[in-house]
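Participant: Protein chains in written order, with our numbering: chain A, 1 to 286; chain R, 1 to 253.
Calculated from the structure, these hints are not laboratory results.
All C-beta atoms, glycine included, are put in the ideal place defined by N, C-alpha and C.
A couple of the hints might just be wrong.
What the hints assert, rightly or not - For each label pair, taking beta carbons as the anchor points, the in silico distance ranges come out as:
| # | chain 1 | residue 1 | chain 2 | residue 2 | range |
| --- | --- | --- | --- | --- | --- |
| 1 | A | I252 | R | E33 | 53 to 61 Å |
| 2 | A | A273 | R | H140 | 39 to 47 Å |
| 3 | R | P39 | A | S231 | 29 to 37 Å |
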Amino acid sequence: MSTATRGGAPGYSPHRTLSFRVEFVRQFRRWRTIVAFVVLLALPWILVGAFEISGPSSPGNGTPGLVTVATQGGLNFAAFSLFVSVGFLLVVAVALFCGDTVASEASWSSLRYLLAAPVPRARLLRQKLAVALAYSTLGVVSLPVMSLVAGTVVFGWHPLRLPGSGVAMAAGPALVRMLIVLAYVLITELAVAGIAFLLSVSTDSPLGAVGGAVGLMIVSAILDQVTALGSWRQILPSHWQFAWIDAVQPQISWGGMLEGASVSVCYAIVAFAMAFRRFRLKDIVS
Amino acid sequence: MGLVYPDAGMITIFGQRVHPGAPGLSRLGSFVEGPGFLPHLAGRANLELYWRATGRPEGDAHLAEVLQIAGLGAALDRRVRSYSRGMCQRLAIAQAMLGLPDLLVLDEPMNGLDPPQIREMRDVLLGYAEGGRTVILSSHLLGEVEQTCTHLVVMHQGRRVAAGPVSEFTGDGAELVVGTSQAQRAVTVLRALDGIQGAEAHPDGVVVHPNGVAPSAVVAALVGAGVPVDRVAPGRRLEDAFLALIAGREDGQ
Numbered sequence: 001m002s003t004a005t006r007g008g009a010p011g012y013s014p015h016r017t018l019s020f021r022v023e024f025v026r027q028f029r030r031w032r033t034i035v036a037f038v039v040l041l042a043l044p045w046i047l048v049g050a051f052e053i054s055g056p057s058s059p060g061n062g063t064p065g066l067v068t069v070a071t072q073g074g075l076n077f078a079a080f081s082l083f084v085s086v087g088f089l090l091v092v093a094v095a096l097f098c099g100d101t102v103a104s105e106a107s108w109s110s111l112r113y114l115l116a117a118p119v120p121r122a123r124l125l126r127q128k129l130a131v132a133l134a135y136s137t138l139g140v141v142s143l144p145v146m147s148l149v150a151g152t153v154v155f156g157w158h159p160l161r162l163p164g165s166g167v168a169m170a171a172g173p174a175l176v177r178m179l180i181v182l183a184y185v186l187i188t189e190l191a192v193a194g195i196a197f198l199l200s201v202s203t204d205s206p207l208g209a210v211g212g213a214v215g216l217m218i219v220s221a222i223l224d225q226v227t228a229l230g231s232w233r234q235i236l237p238s239h240w241q242f243a244w245i246d247a248v249q250p251q252i253s254w255g256g257m258l259e260g261a262s263v264s265v266c267y268a269i270v271a272f273a274m275a276f277r278r279f280r281l282k283d284i285v286s
Numbered sequence: 001m002g003l004v005y006p007d008a009g010m011i012t013i014f015g016q017r018v019h020p021g022a023p024g025l026s027r028l029g030s031f032v033e034g035p036g037f038l039p040h041l042a043g044r045a046n047l048e049l050y051w052r053a054t055g056r057p058e059g060d061a062h063l064a065e066v067l068q069i070a071g072l073g074a075a076l077d078r079r080v081r082s083y084s085r086g087m088c089q090r091l092a093i094a095q096a097m098l099g100l101p102d103l104l105v106l107d108e109p110m111n112g113l114d115p116p117q118i119r120e121m122r123d124v125l126l127g128y129a130e131g132g133r134t135v136i137l138s139s140h141l142l143g144e145v146e147q148t149c150t151h152l153v154v155m156h157q158g159r160r161v162a163a164g165p166v167s168e169f170t171g172d173g174a175e176l177v178v179g180t181s182q183a184q185r186a187v188t189v190l191r192a193l194d195g196i197q198g199a200e201a202h203p204d205g206v207v208v209h210p211n212g213v214a215p216s217a218v219v220a221a222l223v224g225a226g227v228p229v230d231r232v233a234p235g236r237r238l239e240d241a242f243l244a245l246i247a248g249r250e251d252g253q
């Protein structure tokens, strides 16, 4: 095998440019990354503290919600912390990792030097997307995992008390259910990732890309409240973000989650495709 | 560099057409429109990661040599965020030289450097080119270009106006300025000299068109005639040549 690509410097091969590890390290030591993980890992402890200060929640009458059963054990607490963070915090985290990645390089002007190295454009985008998705996944996973730890330390290891029915589910099957929930949450965040990544390629302002993606999700959530929109609401990226509640019922119903997953994956595919196309044809001038 | 799509025409380097991601670009080092670094990393980490991003063997980077050129000393381990403009500039030129590419393209490399650094940078670039490599620099500092470059392309309003060796522009030996306290006598002496095309008195001295007569012969003739010679300098600077070229273009329009 020849060590040099035709016409390139000795040892240069497009397939070796900007490896996953190098891009991971480039992003790792940034305040942005560190702060995001500190928040995601500290939030469970803050929530635990809040419950401890306010004392045991009153059992209340009728069916218990996720909030009222949050202190019933580590599993319940993990489900609760996902419930409170899925709507906004995780959206912000994913938008941060996927929206900032290309736009910040453009704002530092380091993008043109990477492209001149040369890292082929499609390769650069692919590597950046892979690393951004890896960070997003780590972020989304770290919150419930830390919640499970914090909840178990403080509230003990008990069967999962299902919201609504109050039925107790043994820890083994309950953990499987939590994995299903986590997988579903990851898939719904793909829509956010796609939108943020498309914006990241389209602008030189990292704040614009991250804020734009979060803003669009907020608009989507608001529109979702407008019942007059009827079935149109079902194609909003945020409409299905709580469909995983179906997975913490005595009987899982897959319908909502399947619809939600399809909508999210569609958004992601379209947005990623547009991002690659736009980046391929773009003049890099910043 | 494969960053901007041209409206028309094409660029080739090393006989290869340049397009985004063209492998030939790996033989080109560049510094265009200012430095581009990750502000949260130190200068050294920036260069190391940049080289690793190229995917080429670590030994080919010549990192130590290149860092020597940057001359940043202890600052190399500080975050780039804290660098001054001149430091960023030198780090960026060092980045362009990573791997000692055959072709170096530098856009205004002397901007933001102080005079000793400019001098140093000029020596670095001349040394770099001596090894058989090519350095292309774009600059509006014509004095700098005159001292650094061997060949020159003049661009005006996006079009090539002229190209050739620098000496062709400055017309080495085509014009001499002789500083003397007795200008009138000098003119008389020189006009009588064989081969001299002309000599006129100017405020900054006597402008001579020696037309092939060596400067030493000119000086000898003057001294022989008892005219005091304070200094002799080449007459036309690149700046004058450039302005004359541009003026010619604009008159023609």
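Participant: Given the hint of 53 to 61 Å, is the C-beta distance from I252 (chain A) to E33 (chain R) inside that range or not?
Facilitator: Once the Cβ atoms are compared, 56 Å apart, the range 53 to 61 Å for E33 (chain R) and I252 (chain A) holds.
Participant: For the hint 29 to 37 Å, verify it against the beta carbon of P39 (chain R) and that of S231 (chain A).
Facilitator: violated, 48 Å
Participant: Okay, A273 (chain A) versus H140 (chain R) on CB: inside 39 to 47 Å?
Facilitator: The hint (39 to 47 Å, Cβ to Cβ) holds, given that A273 (chain A) and H140 (chain R) are roughly 43 Å apart.
Hint compliance for this structure: hint 3 alone is broken.
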